[in-house]
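Participant: Build out the structure end to end from the sequences listed, making use of the hints.
Number of protein chains: 4
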Amino acid sequence: MPEVIFSHDPSKTMAQQAVPGHNRFHPEVPAAATVRPGQEFRVESREWTDGQIGDNDSADDVRDVDLDRCHMLSGPFRVEGAEPGDLLIVDILDLGPIPGERGPVCGQGWGYSGIFAKVNGGGFLTDYYPDAYKAIWDFHGQAATSRHVPGVEYTGITHPGLMGVAPSHELLDSWNRRERALIATDPERVPPLALPPLARGALAGNADGDLLARIAESGARTVPPRENGGNHDIKNFTRGSRIFYPVHVPGALLSVGDLHFSQGDGEINFCGAIEMGGFIDLRVDLIKGGMDTYGVHRNPVFQPGRVAPLYSEFLTFIGISVDHRDDTNLYLDATEAYRNACLNAISYLKKWGYTDEQAYLILGTSPVEGRIGGVVDVPNACCALYLPTEIFHDDIRPGGAGPVATDRGQVAVTS
Amino acid sequence: MPEVIFSHDPSKTMAQQAVPGHNRFHPEVPAAATVRPGQEFRVESREWTDGQIGDNDSADDVRDVDLDRCHMLSGPFRVEGAEPGDLLIVDILDLGPIPGERGPVCGQGWGYSGIFAKVNGGGFLTDYYPDAYKAIWDFHGQAATSRHVPGVEYTGITHPGLMGVAPSHELLDSWNRRERALIATDPERVPPLALPPLARGALAGNADGDLLARIAESGARTVPPRENGGNHDIKNFTRGSRIFYPVHVPGALLSVGDLHFSQGDGEINFCGAIEMGGFIDLRVDLIKGGMDTYGVHRNPVFQPGRVAPLYSEFLTFIGISVDHRDDTNLYLDATEAYRNACLNAISYLKKWGYTDEQAYLILGTSPVEGRIGGVVDVPNACCALYLPTEIFHDDIRPGGAGPVATDRGQVAVTS
Amino acid sequence: MPEVIFSHDPSKTMAQQAVPGHNRFHPEVPAAATVRPGQEFRVESREWTDGQIGDNDSADDVRDVDLDRCHMLSGPFRVEGAEPGDLLIVDILDLGPIPGERGPVCGQGWGYSGIFAKVNGGGFLTDYYPDAYKAIWDFHGQAATSRHVPGVEYTGITHPGLMGVAPSHELLDSWNRRERALIATDPERVPPLALPPLARGALAGNADGDLLARIAESGARTVPPRENGGNHDIKNFTRGSRIFYPVHVPGALLSVGDLHFSQGDGEINFCGAIEMGGFIDLRVDLIKGGMDTYGVHRNPVFQPGRVAPLYSEFLTFIGISVDHRDDTNLYLDATEAYRNACLNAISYLKKWGYTDEQAYLILGTSPVEGRIGGVVDVPNACCALYLPTEIFHDDIRPGGAGPVATDRGQVAVTS
Amino acid sequence: MPEVIFSHDPSKTMAQQAVPGHNRFHPEVPAAATVRPGQEFRVESREWTDGQIGDNDSADDVRDVDLDRCHMLSGPFRVEGAEPGDLLIVDILDLGPIPGERGPVCGQGWGYSGIFAKVNGGGFLTDYYPDAYKAIWDFHGQAATSRHVPGVEYTGITHPGLMGVAPSHELLDSWNRRERALIATDPERVPPLALPPLARGALAGNADGDLLARIAESGARTVPPRENGGNHDIKNFTRGSRIFYPVHVPGALLSVGDLHFSQGDGEINFCGAIEMGGFIDLRVDLIKGGMDTYGVHRNPVFQPGRVAPLYSEFLTFIGISVDHRDDTNLYLDATEAYRNACLNAISYLKKWGYTDEQAYLILGTSPVEGRIGGVVDVPNACCALYLPTEIFHDDIRPGGAGPVATDRGQVAVTS
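Chains as they are written, first to last, in my numbering: chain Z, 28 to 442; chain E, 28 to 442; chain R, 28 to 442; chain G, 28 to 442.
Hints in this document: simulated from the structure, not taken from any laboratory. Since no wrong hints were added, every one of them can be taken at face value.
In the DSSO-like style, the derived pairs of lysine-lysine whose C-alpha atoms are separated by at most 30 Å in a straight line are:
1) E:Lys315 / Z:Lys378
2) E:Lys377 / Z:Lys315
3) Z:Lys315 / E:Lys378
4) G:Lys378 / R:Lys315
5) G:Lys377 / G:Lys145
6) G:Lys145 / G:Lys378
7) R:Lys145 / R:Lys378
8) E:Lys145 / E:Lys377
9) Z:Lys145 / Z:Lys377
10) Z:Lys377 / E:Lys315
11) E:Lys145 / E:Lys378
12) R:Lys377 / R:Lys145
13) G:Lys377 / R:Lys315
14) R:Lys378 / G:Lys315
15) G:Lys315 / R:Lys377
16) Z:Lys145 / Z:Lys378
Just the calculated beta-carbon pair ranges, DEER-fashion:
17) G:Gly65 / Z:Gly228: 41 to 49 Å
18) E:Asp354 / Z:Asp95: 22 to 30 Å
19) G:Asn203 / R:Pro131: 57 to 65 Å
20) Z:Asp237 / E:Gly436: 55 to 63 Å
21) R:Asn203 / G:Ala42: 55 to 63 Å
22) Z:Thr416 / E:Pro277: 27 to 35 Å
23) R:Pro131 / G:Ser195: 52 to 60 Å
24) E:Asp354 / R:Gly427: 54 to 62 Å
25) R:Gly427 / E:Gly436: 53 to 61 Å
26) Z:Arg352 / R:Asp422: 37 to 45 Å
We treat Cβ as the ideally placed atom computed from N, Cα and C, and that holds for glycine.
Facilitator: As structure tokens, then:
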């Protein structure tokens, strides 16, 4: 285990920590620590909502979550010698829940996934499932089970949902401009089209006064992935992965957070992963001038790690880019195609006794593969959701005696 | 090898065959043969353009292709006992190129992939690459190489790009209505938003006279995937796969065609697979009343086969839903996100001496995985393209001595 | 499909072919054809017994098989420019059963596996199963099923059981000397410890007269693997594999035969694979002086191909190097350890209603992995047999309701 | 993390711990703790030599190791309700090195592998490499590197080398009888054929006086695997694995130890794995009467876990059962065949500048697969060693420019 350069008292909020993290991307967030190329180090991480969700059987906390505080990131970390134009190499050596015995803080032996209410966060199927729900997951080594979703057990692909470097002022301006333009097309939409900078809830390490005000005024919210990396929510960003980030500011300013115990492609129920606090061990290095050398100017590239759960049997659901509620044809819309693949899977799983919400949460948390089929065959995009059949205790494949609708209880609901 | 129930003289067009196939989906296309549940049978298949593309070094044939004749399908095959509400099981036992020595017909030891001109077909990156190009690929067992794209060799995942059952009249009416509504939103667009029924070039087996006229008038073009299956272009629809199709008409009326030697997720250059004529061996069976039993009412579901090329090292490119040409933010648009991942990969491969078109064709034809990352983190969808590094003769991973821009010639161009 | 350089009329024995093959390794066997480095070519192959086994329900043909004629090989093929000290590269491009419809010759849509009688061939468990049995397997694309072993279906890893180059006279002398020395330790043993040169049944292409007599007198029998390659029976020698053979004689003299549709590690029932006649497509090349360059002086090395059936669930049986019949401890004997792992697996499978012989044949023909566990922990070697559970129609894993002993009939027996 | 039921002060020997473990298998070793079916628990484990090996550059400690104290096991654990005839289910939930920062005790951020001297332990190639050597390995998450073996990096398959239940008195008597009979065939052999019970160094938890004397007199040494499980050294016994042990005594008496960070099939250099102290999390359950129900009477069976490093490119070395030193033919001896495969691999790796000892240690510690090829083709067994090429920084495949013999230093040697 390498040296801990960012620690975390689970019983306190991020703002209360000795060295706080941050929840906005901005080039002026003060560095929490400095690392040198070649160094290995451990970072402790808060669960993304900063501890708002409890190990209980009510979804009220999900319904009422304060999203302005999210995501609480550890860092930023200044990398010695990093300059704009370089590629920052980040090796994910290891990550996991909070070490030690089961406790009340998310990551202490358990995690959760939530269906967020349409009025507060939403999710991929929020037009179909507008209310808040929650499931608690227990960790057994690399496997997870849930009292709220009986009959399944997964081997998780642990990964950080969010990791990224600081934008330059120029890049940040570009984000703010284009996202505000998008919001302006439908400013009253629920949920909103995008989240603009917001002073309320902003945290920027130990910055205060004018500096904090400046960061709060223009700092980018952490919800989306952008050119700096950010909230990729790519399930294969796991142990052994090597990421190459374009560097935009001196020192690169690397941040990380939003650890996931397991997640399916798309993280479809928004907080679709099994969320947890925990630790992540990293090693950094530099390719000087690497952006030009390798033609990597926009988004990071990465090599996935060599560890993944071995699943070889899938039942695959297909969707096309038609809104079947009113039979409207969209044009090569992979998002809609994948949404329909998910809805088809839920329809199927209900025959085995799962509720809509249980099925939705299975798709979000289990290692499903979301693949783009065809995106050129006008007018319909085609996407496919590969559901590993081996995560179910029952044999859910078609054929044989047919499904038996077992009573499987229910996920946590709101009061 | 099972009994051949649909044969194909490679030297003749589909219309000239003893028992012609068809190129429109319609419930009244006469069955070319009848099969019984449990039967195994072989179907011979024309390459999808019906033989318009040659083994040469000019892309003129791609530029000038007559798309009204496409896709030429084998079938339909009536399945004894199949009725609406059933699930039709189709096992793909085997498929491959045309047996025998190398010859002038596509599938006789070679295939092709094409970048279609924006004015005639287009493709996923047609706004970036509007002209026609072509590459010829040679088959070496399960591997492919190309004189037009030196430095790569793939193990192909052979699959039918297109397989499906006949729609009911009601379902067909729904398609025509919704697709015409889409076209009406921008009727002059190039390429068009969708392709409406078209009498020119229509073929419906041995139908003629009034029947042919009726089919031509309302029969669905075969380009998109729809509820009946159709042009899925899913690369994992390979040997050993089992598909479950909802049955919409008595006899199900199964058709198949558009065989691919290899393809990446998305089939991004439209005719992005390595196209070929060849054979496919199938076995059919029925689950009576299976649509209700399993909740499979809309799209087919399938279990992928157990054969896939073993690639374990990837370089992964990420894209987000921003149109970077003018820095416009789209809302959770997975299609745009995947397009950017593809563009990022092309930018990278050019550093190794590949031309834009060569890189584009590598992405379309090699077994890349196109995965949906996050589709809930407003406003940006995130998609990732996993490029297997082991298909390249050079080590293309970042690090080491850096890329050497080798002269790799050029793909076939137009005159 | 490349040019056929060695063809095979299935209705005739190897000796009756226009250009016969051979069944002894000797440096003077006349070349059947010449190939040049870089050339791709097809070779047709007889099933290893030269057609002695029929598609029927009696094991009499297995009991009475004339092993002196085996294995019937195609070739040898002279490689232009090959000289002693080179490494001969052989790429296995493709292989499969005899093309065309089902017929009476092994490989025409079917294959077989046999338990050979202890008095005529034997096998790995011959002390436990001394009598002759047989199962016929039907091919469905890449999958096999058997009317004699209901309840299982495998995706086969097709491979040549036997491929190799000619020995030099010096190497051949060494083989004959050391194998005769072994036989001399127990010359009356049944089955014999090794098979010395034998004039009866010897075939050496079109050699006759003195040349044939000389070859017959000292030519090595083809049963074992040796430094020239030979009867490796390695299941992963499949499509896409590249083998590097040390060259011992000018022209290398490559031969191939004994094609298998599927086999488990160890080929435990001797003729344990699913045997077939068929074709194999090869490409050859040379690394001049490669034996010294790479330190490959003794046995060939190879890179396995990229195609393998995807199985990810195994039930694993362990054996140690104790002869449990009389509780005798052997010293680090991996052979005995693997034998016990096989016996433990048979004991287990019998609980599901399989007969001893059915279970034995499943282990020989299915893609089981035979792994060496520990071979240093005195006195017991430990080996493990990984049985893919997904080849069974029933769920054979421990747990749940326990096994149900289904009546599964019987394999073919002797009269 | 579950409750710790067996803890371990790294700075003390096993005998000095508050609750000591044991190093002999005997039905009367007092239970260190009791667990109930369904319980999850953590066990801390000493490195197998009980701390005799240091993080330094001398192999003297390996040369002089006191093997009489090995292996130091944690346990035994009594399982409530377990009775002879049951199957004990053990789920390996997690395992890893000692948590915390790097320290002087093996497992604190580092491990080692050793070539043991022929006069003190030996190893698989001890006749070729009779002297003592050592390499220290550093842990980086799931990957290992070594200053003594530069140029390689592996993703480890962590596993317990040794886990097992107590034998009954009857079973223990059988072991002692048969192993003494083996020793009697060559009682002066170096290294010995087997290790009989030995009072010196015996530890049996808190037993003392007559009880300890009785255990020491007949208790089985822990080196070999036997019917109770024991020192399997199976690399795939990793996280997520489920083992089914036949129960021989009331309470089953489960013990575990000899944790490995990584190991190749065969653990060929005896202490061939990367050895470490650490922790293991287990869950136990029972199948009452399961030995008869499933026909599992002799050795345990297991289902491997779903986590394994993804390596897909191998260079494979083959060996046959000939002692090439004097060209003696052994009969179907898989041990000798695998030994030759290992020697062939060493010969190859030396061309890249590795010393004999470095190459030997790579084969022992990296995730090589040791597969049984054919064990029926008289007189030669054939085994194959699959070496993952992706663990090397250089491209070690044949072809291209050929090997460059880099100076790679040396492993730790004796004074």
